[in-house]
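Participant: All chains, please: the whole structure from these sequences, using the hints.
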Amino acid sequence: MDVTLLMIALATMGGLGFIFAGGLAIADRKLRVEENPLIGKINEILPNANCGACGKAGCYDFAVSLVDGKADPSGCPVGGEDTAQDVAMLLGIEAGTANKMYPRILCHGGNADAVRKMADYYGPLSCSAMDLVSGGDKACYYGCLGGGDCVVACPFGAMIMTDDGLPTVIEELCTGCSLCVTACPRDIIEMHPADRNVFVFCKNHDDPKTSKAVCSVACLGCGICARKSDGGVEMDNFLGVINYDALDESKIPFDKCQTGAIGYLVPPVKPETPESKEEGLPN
Amino acid sequence: MELFLIFFSAAIVNNFVLAYFLGICPFIGVSNKISSAFSMGLATTFVMVITTIVTHLIYHQILAPFGLEFLQYVSFILVIASLVQFVEMFIKKVSQPLYRALGIFLPLITTNCAIMGLALFMISKEYSFVEGIVFGVGAGVGFTLAITIMAGIREDLELADVPKAFKGAPITLLVAGILALAFMGFSGMI
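Protein chains in written order, with the working numbering: chain L, 80 to 362; chain S, 1178 to 1367.
Hints should not be assumed to be uniformly reliable.
Pairs of lysine-lysine residues, derived as DSSO-like cross-links and limited to a Cα-Cα distance of at most 27 Å, are as follows [as the list claims (entries may be wrong)]:
#, chain 1, residue 1, chain 2, residue 2
1, L, K335, L, K307
2, S, K1269, L, K135
3, L, K307, L, K288
4, L, K120, L, K149
5, L, K291, L, K196
6, L, K120, L, K179
7, L, K335, L, K288
8, L, K149, S, K1210
9, S, K1270, L, K120
10, L, K307, L, K291
11, S, K1270, L, K149
12, S, K1210, L, K135
13, S, K1344, S, K1210
14, L, K109, L, K120
15, L, K149, L, K179
16, L, K196, L, K288
17, L, K179, L, K135
18, L, K307, L, K330
19, L, K135, L, K149
20, L, K291, L, K330
21, S, K1341, S, K1210
22, L, K120, S, K1269
23, S, K1269, L, K149
24, S, K1344, L, K135
25, L, K135, S, K1270
26, L, K109, S, K1269
27, L, K120, L, K135
28, S, K1210, S, K1270
29, L, K109, S, K1270
30, L, K335, L, K291
31, S, K1269, S, K1210
Covered stretches of chain L, as calculated for chain S (at least 3 residues, CB under 8 Å) [to be verified]:
#, stretch
32, 90–96
33, 106–116
If you are wondering where the hints come from, they were derived from the structure by calculation, not from laboratory data.
Beta carbons are placed, not taken as given, at the ideal position from N, Cα and C, and that holds for glycine.
Facilitator: Spelled out as structure tokens, the structure:
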């Protein structure tokens, strides 16, 4: 191949490229779609990982939804708090930390409180396996198995297993992606707004006698909280379920609950219920 | 008659999707609704026709006289990429819903091998300018036909009681295979 041919080839390709580039530049001018300039600005702030963790097709799609008000700035788990703040500032709204959802582990039956089965469990230490085979070695068929599926599922390291065999959420690391909720085979983990503080830390539907026999912190199903709270708590097959729309904290008889199954996530500043032993555990 | 044969061959007998298995990606990806499948077919047809025109001119007016035939791949890719960019801008301007419906598959026309294949077939079969355009239209119509038929079947498939293991991609690929078999019935006509 001689040099002239090379030069011609280069010139031809260069020329073609130049012509097409020029054509596209003109077309871009003529066919430009006027869109909200905010979309472009927000798109720049977003991580541009296009991972789809927000549930949109990509960062640009998320930016469009943000501007339309269809998405929440905190919806991007990759960008985290900082990105949410920046986006919220551009949009002129609150970053939505008020509605931030955290997973709450609604079982307090740790190793110290839950009664063991007669037989020990030997096998894969994953909740889904335990749940399939025999329900692990706790006697309660509703409680936390302690296998740590939620810990494995959390991509942000916000879920850790504590010494008593129950998982705990580190709220600083939690993005509210709710992967742990899906991972839990017993539906113990639920997403709740950050400001909710009263929970029934039990999922046991057994009758009072059985639930008392399997765990010392189970909801027995006595129904006293339901009777006193004017609809704030409803009984569902021997389990108190809080109806947050009708909940009035002051009407809940925390000290009347024999096992302390209903209680505060974080105890209020004035300790109102000193005998309820389970509250105060940071969940 | 010659032109009609070229058209018929490209559209039916040697259908790009069902006989050459080119452009399978959008064929599977955008064939879940008839309306968007048809639009995708039209967009691809448009790109195909313009591509044949431009590549024919470039090959016979620029590359061949200078003995630069070896540049055909590079320059064709350049042509296709620019054209797809243009079509994307055009559709975004004209129809936002269509732009959103086509989504990622619109820029992916760039990498649709049916279009590159079309340009290369046209050169290797030594078609004239008019024949090339007819060839492009035929290929586009064939693609539109295939993807629309596929979308029609898949819309009905939504209501069918498909075994769980076959749901989604497997049944789609099976249908595509059977459709290709059916089109084999045309082979040997020309």
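Participant: Count residues of the stretch 106–116 of chain L with a Cβ under 8 Å from any Cβ of chain S, then say if the count reaches three.
Facilitator: holds (count 5)
Participant: Against the 27 Å threshold, does the CA-CA distance of K179 (chain L) and K135 (chain L) hold or violate the hint?
Facilitator: Between K179 (chain L) and K135 (chain L) the Cα gap is close to 19 Å, so the pair holds against 27 Å.
Participant: Can you confirm whether the C-alpha distance between K307 (chain L) and K330 (chain L) stays at or below 27 Å?
Facilitator: Within the cut-off at roughly 6 Å; holds.
Participant: Holds or violated: are the alpha carbons of K109 (chain L) and K1270 (chain S) at most 27 Å from each other?
Facilitator: Within the cut-off at roughly 10 Å; holds.
Participant: Given the hinted pair K1210 (chain S) and K1270 (chain S), is their alpha-carbon gap at most 27 Å?
Facilitator: holds, 22 Å
Participant: Regarding the pair K1341 (chain S) and K1210 (chain S), is the alpha-carbon distance no greater than 27 Å?
Facilitator: holds, 21 Å
Participant: Would you mind confirming whether the straight-line C-alpha gap from K120 (chain L) to K149 (chain L) stays at or under 27 Å?
Facilitator: Given that 27 Å is the threshold and the Cα spacing comes to 17 Å, the pair holds.
Participant: Under the criterion that the straight-line Cα-Cα distance not exceed 27 Å, is the pair K1270 (chain S), K149 (chain L) satisfied?
Facilitator: Roughly 23 Å between the alpha carbons, so the hint for K1270 (chain S) and K149 (chain L) holds.
Participant: Can you confirm whether the C-alpha distance between K149 (chain L) and K179 (chain L) stays at or below 27 Å?
Facilitator: Satisfied, since the Cα-Cα distance of roughly 16 Å is no more than 27 Å.
Participant: Could you grab the alpha-carbon distance between K335 (chain L) and K307 (chain L) and see if it respects the 27 Å cut-off?
Facilitator: Roughly 10 Å between the alpha carbons, so the hint for K335 (chain L) and K307 (chain L) holds.
Participant: Does the stretch 90–96 of chain L contain three or more residues whose Cβ lies closer than 8 Å to a Cβ of chain S?
Facilitator: It holds: at least three residues are needed, and the stretch 90–96 of chain L offers 4 whose Cβ sits within less than 8 Å of chain S.
Participant: Keeping to a limit of 27 Å between CA atoms, is the pair of K335 (chain L) and K288 (chain L) held or broken?
Facilitator: holds, 18 Å
Every hint, counting from the list given before, is met by this structure.
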